[in-house]
Amino acid sequence: DAGITQSPRHKVTETGTPVTLRCHQTENHRYMYWYRQDPGHGLRLIHYSYGVKDTDKGEVSDGYSVSRSKTEDFLLTLESATSSQTSVYFCAISEGGSEQYFGPGTRLTVT
Amino acid sequence: GEDVEQSLFLSVREGDSSVINCTYTDSSSTYLYWYKQEPGAGLQLLTYIFSNMDMKQDQRLTVLLNKKDKHLSLRIADTQTGDSAIYFCAESPGYSTLTFGKGTMLLVSP
Chain A
1 DAGITQSPRH
11 KVTETGTPVT
21 LRCHQTENHR
31 YMYWYRQDPG
41 HGLRLIHYSY
51 GVKDTDKGEV
61 SDGYSVSRSK
71 TEDFLLTLES
81 ATSSQTSVYF
91 CAISEGGSEQ
101 YFGPGTRLTV
111 T
Chain B
1001 GEDVEQSLFL
1011 SVREGDSSVI
1021 NCTYTDSSST
1031 YLYWYKQEPG
1041 AGLQLLTYIF
1051 SNMDMKQDQR
1061 LTVLLNKKDK
1071 HLSLRIADTQ
1081 TGDSAIYFCA
1091 ESPGYSTLTF
1101 GKGTMLLVSP
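Chains A and B supply the protein sequences, listed in that same order.
Heads up, the first sequence is in this note's numbering, so the first residue is 1 and it goes up one at a time.
Heads up, the second sequence is in this note's numbering, so the first residue is 1001 and it goes up one at a time.
Next up, chain B with everything else stripped away, as it sits in the complex (with noise of 0.2 Å):
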């Protein structure tokens, strides 16, 4: 079955580019996602790409895909201490549901 992985923690300092990892093994993934989770409350859709693009910007976010080795990074500029947040990678074929990986913690430090 589907599987996405992303690694637990990352600490960075306020200003510092943060790159947060996730890959995914299921080939037919058409789109491709990242939610941000502050604490007490539910994911906020930060960004996606599809499957097709390899790069997405959007203001202070970056989204890298390698299709090949099934790798999905999403880089933060410039981080502030509201960046503090858990990160969810998730991917779908392009319809009904949603596989999700654990989450990475993210802690931005001033």
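Chain A extracted, bound-state conformation (with noise of 0.2 Å):
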């Protein structure tokens, strides 16, 4: 993996707890992105960044929020979890914008 790092790589929370998932990275790429990975869905963008404390939504974005206050590190929070936001989250950087890489994911499971 391309020098990111998730955690914690595995969470179960209950629900209506506020969770927050870290992704860092240390190859200085101006873009970073959250995923989540789904059965029958394939990974669908949750929020990318394109800079420090620019953020744009994806496709499923409600129900989360996103932070990046460093180059290297953008957030992501589940205000109060729910059991549909049980998923693998992956963070993923690009350079260009284009050709991005992943980081190994972090389990959630929302009880």
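Hints in this document: simulated from the structure, not taken from any laboratory.
Being a predicted model, the structure only gives us computed values, none of them experimental.
Hints should not be assumed to be uniformly reliable.
[To be verified] Have a look at the derived ranges for each label pair, beta carbon to beta carbon:
1. B:1016 x A:17: 29 to 37 Å
2. B:1040 x A:27: 33 to 41 Å
3. B:1109 x A:9: 39 to 47 Å
4. B:1003 x A:10: 27 to 35 Å
5. A:71 x B:1017: 40 to 48 Å
6. B:1071 x A:18: 41 to 49 Å
7. B:1051 x A:27: 39 to 47 Å
8. B:1107 x A:107: 39 to 47 Å
9. A:77 x B:1045: 26 to 34 Å
10. A:17 x B:1051: 28 to 36 Å
11. B:1040 x A:77: 20 to 28 Å
12. A:15 x B:1014: 26 to 34 Å
[Said to hold, decoys possible] Straight-line distance between alpha carbons at most 27 Å, and here's what the computed DSSO-like set of lysine-lysine pairs gives:
13. B:1070 x B:1056
14. A:57 x B:1036
15. B:1068 x B:1102
16. B:1102 x A:11
In this text, a Cβ means the ideal position worked out from N, Cα and C, and glycines have one as well.
Put the two chains together into one complex, using the hints given.
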């Protein structure tokens, strides 16, 4: 993996609790992305960032917020987790906005 | 909006060639990608092709692009059991975001 870490790698939480997932890169790439992967849906973009403090919504952004205060970190927050947000979450990075490199993923279970 | 379609499953024998197909709808696609995902892992970029190319070869991998029909294929020569994985096709207009297909599971039997 191209200098991308995600934390935590696994998390179990209860419905209604807030959850924050962290993506950290050491490549100094401009773009960072959050995806979720679910059976039958492939990968769907949640939010992405094209620079510090610059973010935009993806296909499935409802219920999620993001923040990027430093080039190397991109946080995904579920303000009040629901069972429909049980998924595997992947972070990706890109220098030019097209060719993307993925992190190892975070498996989130909301009970 | 953009859409990328792939067949869900392909089964081949070790040593055979595998061909994974993908169709896309966005005529402004500039780059087309193939990613590989092994169980429990993230996506690994395998190869990509620019929309002004017809073919790209990289060792055992051959990518064919028919821009008129918006059809992309990935051929894996001499398929090995280690090639068993999910393969994703993705397209991009050349900036910011990718649109992924749902993935094709390749199963290679000895």
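Comparing the hints with the structure gives:
no.	hint	result
1	B:1016 x A:17: 29 to 37 Å	violated (49 Å)
2	B:1040 x A:27: 33 to 41 Å	violated (23 Å)
3	B:1109 x A:9: 39 to 47 Å	violated (31 Å)
4	B:1003 x A:10: 27 to 35 Å	holds (32 Å)
5	A:71 x B:1017: 40 to 48 Å	holds (43 Å)
6	B:1071 x A:18: 41 to 49 Å	holds (45 Å)
7	B:1051 x A:27: 39 to 47 Å	violated (26 Å)
8	B:1107 x A:107: 39 to 47 Å	violated (23 Å)
9	A:77 x B:1045: 26 to 34 Å	holds (28 Å)
10	A:17 x B:1051: 28 to 36 Å	violated (45 Å)
11	B:1040 x A:77: 20 to 28 Å	holds (25 Å)
12	A:15 x B:1014: 26 to 34 Å	violated (46 Å)
13	B:1070 x B:1056	holds (16 Å)
14	A:57 x B:1036	holds (25 Å)
15	B:1068 x B:1102	holds (22 Å)
16	B:1102 x A:11	holds (25 Å)
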